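The task is simple: from the sequences and hints, build the whole structure.
Keeping their order, the protein sequence lines are chains A and B. At position 119 of the first sequence (counting the first as 1) the number is 106 in the working numbering, and the numbers step up by one without a gap. Numbers given in the working numbering equal positions in the second sequence, counted from 1, plus 121.
Mixed in with the good hints, there may be bad ones.
Computed, partial: chain B to chain A, Cβ under 7 Å [stated by the list, open to error]:
no., residue
1, Ala124
2, Leu127
3, Pro128
4, Gly131
5, Arg135
6, His139
7, Val141
8, Arg142
9, Gly217
10, Phe218
11, Gln220
12, Gly221
13, Ser225
14, Ala227
Derived from the structure by calculation, the hints contain no laboratory data. These numbers come from a predicted model, not from an experiment. All C-beta atoms in this analysis are idealised placements derived from N, C-alpha and C, irrespective of residue type, glycine included.
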Amino acid sequence: MTPLPPAVSAEAVSYRYGDRLALDCVDFTVDPGVIYGFLGPNGSGKSTLFRLLATLIPPQGEGLSILGQVLGSATTDLPALRRRLGVVFQYPSLDLDLTVGENLTLQGRLFGISGADLSLRRSRRLEQFGLTDRVGERTRALSGGLRRRVELAKALVSDPRVLLLDEPSTGLDPAARRQFWNLLETLRRDDDVTVLLTTHFFEEAEGCDRVLLLDEGRVAAKGQPSELTAEVGTETLTLSTTDPDELSRVLAERYPDLPTPWTLGGQLRLSVDGAADLGRRLHDEWPERVRSFMVGRPTLEDVFMLRTGRQLREESAS
Amino acid sequence: MTAALLPFLGLLQRELLHFVRQPTRMVSAAASPLLFWVLIGSGFSGSFRLPGGGGGSDSAAGIDYLQYFFPGTLLLLVLFSAIFSTISVIDDRQNGFLQGALVSPASGRAIVLGKVLGGALLAWIQGVLLLLIAPWIGVPMTTARTLAACGILALLAVGLTSLGFACAWRTHSTQGFHGIMNLLLVPMWLLSGALFPLSGAPTWLQVVARLNPLTYGLHLFRSALQPAAALDSGLFASPLLPWCVTLAFTLVALGLALATVRERSRL
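In C-alpha cells:
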C-alpha cells in the first residue's frame, strides 16, 4: 500500500518581517487524519506559521503545501484550496450581532453553499456541537465556551479537509477545554479531518498525535509527544525550594553522580530513576532547602527547556 | 442562483441585519442631519434671502432657508450613513470577522461589494424616507422629480459609501477614521453648496467647490428637487458636466474600494 500524500508539508519555510526573521527554515509533514500541534512561547513564530497556513499572509517562498497545492505558486487555485480549509482564529471571528444560526448560514454562503445543502450541513453541525436549541440566540449573549463551540461549528459548515486552530484553549476553563478536545477527537474519527493547532500549553500539546516545538522561529524538536518526553527520562523529581541555584550547587557537590537538574517555574527538576526515594532522602537531609518534593513524569515543558534552555511559560505564570 | 453571488448576498444581508439590530445607529445617522436642518435652517430663515428672483411662488424669492437647506440635509444624511456603515470595517478587522472572510473562498470583490452596496442601500433607504417629508415643508414633489431625486441619491450613496470604505480599509483605528471624517468627508459636504449658494461666494471658494465632486452631485440633486433654487448652474461649463462628474465620482470611488482589497488580500 502506498502511503497517503501528506495533508500539509513544509520544506525550509522561512518568513521575515523586515529585519526580523520570524520563521527560520521550518520543516514538517502532517499526515492525513492527524492532530498536529505547534507548541511554543509567544514570539516563537507559531502565529506567523498559522497565518501562512490560513492563507492570510502571502508566503515568501514555495515551501509550504496544503492538500497538494503549493502556497504562493502562480498555479495555485487559491479559492479551491480555501474551500477545503477550515480556520478558527484565536480571537473569535463570530459576528456578535447575528444569531448562532445566522453566523453558520453566512459562513456557508461565503463558501458558496446554499439551499437544502446548507441547511443540512448546518443542522448536522448544530446537533454535533449541542447547539440546536441555541440556534436563534445572538452569539453576544453566549459564554466563552459556547462561543468557541459555535466558532468550531462555523468553521466546519463547509466540511473542510484540514482544520486550523489558533490557540484553541485560550480563555476556556478546564471543563470547557476537555469538552473541546472531546469534540476534536470526534471530528477526527467521524470526519477524518486533519487538525493543525497552535498552543502555548504543553498539556494541550501532549494531547496531539504529533507535535512540533518552535523556538525563535526554529524547530526545537518534533515527533510524538511520548517519544519526545521519553528522551528526557521516565521519572522526574521536582524539588520546591526558595533558591533553585543554591540547591543545584549543593546537590552537585553532595551527589556528583546525579544527572544535571534544570529550573522550571522556580522549581528544581531532574530526571532520575527512583525519584521518590531520592526526594524523601533530600527532604530529610535539607528540610530547610527542600520544602517539598513531587514525583512525576517528564512533560513537553521539560523537553522544551532542555532543548532550548528557555522556559515555555512566562516566569510570572508559575 | 450562481454560487459566485452567494458570498456577496450573504455579506449584504449581514449589513442589513446589523442595521436592524442596532437601533441607535439608525437614530444617530438620521438625527444629526435633521437637528442641523432644524437648528441651522430656523436660525438662518429670518435673514437669508436667495440672490436674484422676483416674485412668483416657484421662483427663488419664494424659497426660505429651511427649504433651501433640505437637499443639503439629505446629502448629509447619506454621508453620515455611509460613514457609520463603513466604520464597521475597522471593527470587523479588530474582532476577527474580516480575517475569517479573507481566508474564505469568497473573492475580495464580493467582500467589498457586500459591504459597500449594503451600506449604500441603507443610506439610500434613509434618504428616500426623508424625501417623503418634502411636500410638508413646502418642496412640492412630482413623480418625475421623485424618480430623478431617488436616482441621484443612489449614485451619491454608492460613491460616498465606496469612498468611506476605501478610507476605513486603510485606517486601523476608529479615531483615525474620525480624523478623515472631520478633515475630508465633512468639509466636502460643507463646500458642496449645501449651506449656501456658491454663485454668491468668493472666487477662491468657488474654485475649491469646483474641485469637489460633491458640488456637482448636490447641484443635480437640488435641480431635481427645487429647480428654482439651483442657482449655481452658471458655475458649470455645460449642463451635462454635473452628470459626468457625479457618475465619474461614483465609479472612481467604487474602483478605489475594489482596488483596496485586491492589493491586500492577494497571495
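Verification of the hints:
{"no.": "1", "hint": "Ala124", "in the structure": "holds, 4 Å"}
{"no.": "2", "hint": "Leu127", "in the structure": "holds, 4 Å"}
{"no.": "3", "hint": "Pro128", "in the structure": "holds, 5 Å"}
{"no.": "4", "hint": "Gly131", "in the structure": "holds, 3 Å"}
{"no.": "5", "hint": "Arg135", "in the structure": "holds, 6 Å"}
{"no.": "6", "hint": "His139", "in the structure": "holds, 5 Å"}
{"no.": "7", "hint": "Val141", "in the structure": "violated, 9 Å"}
{"no.": "8", "hint": "Arg142", "in the structure": "holds, 5 Å"}
{"no.": "9", "hint": "Gly217", "in the structure": "holds, 4 Å"}
{"no.": "10", "hint": "Phe218", "in the structure": "holds, 5 Å"}
{"no.": "11", "hint": "Gln220", "in the structure": "holds, 6 Å"}
{"no.": "12", "hint": "Gly221", "in the structure": "holds, 3 Å"}
{"no.": "13", "hint": "Ser225", "in the structure": "holds, 4 Å"}
{"no.": "14", "hint": "Ala227", "in the structure": "holds, 5 Å"}
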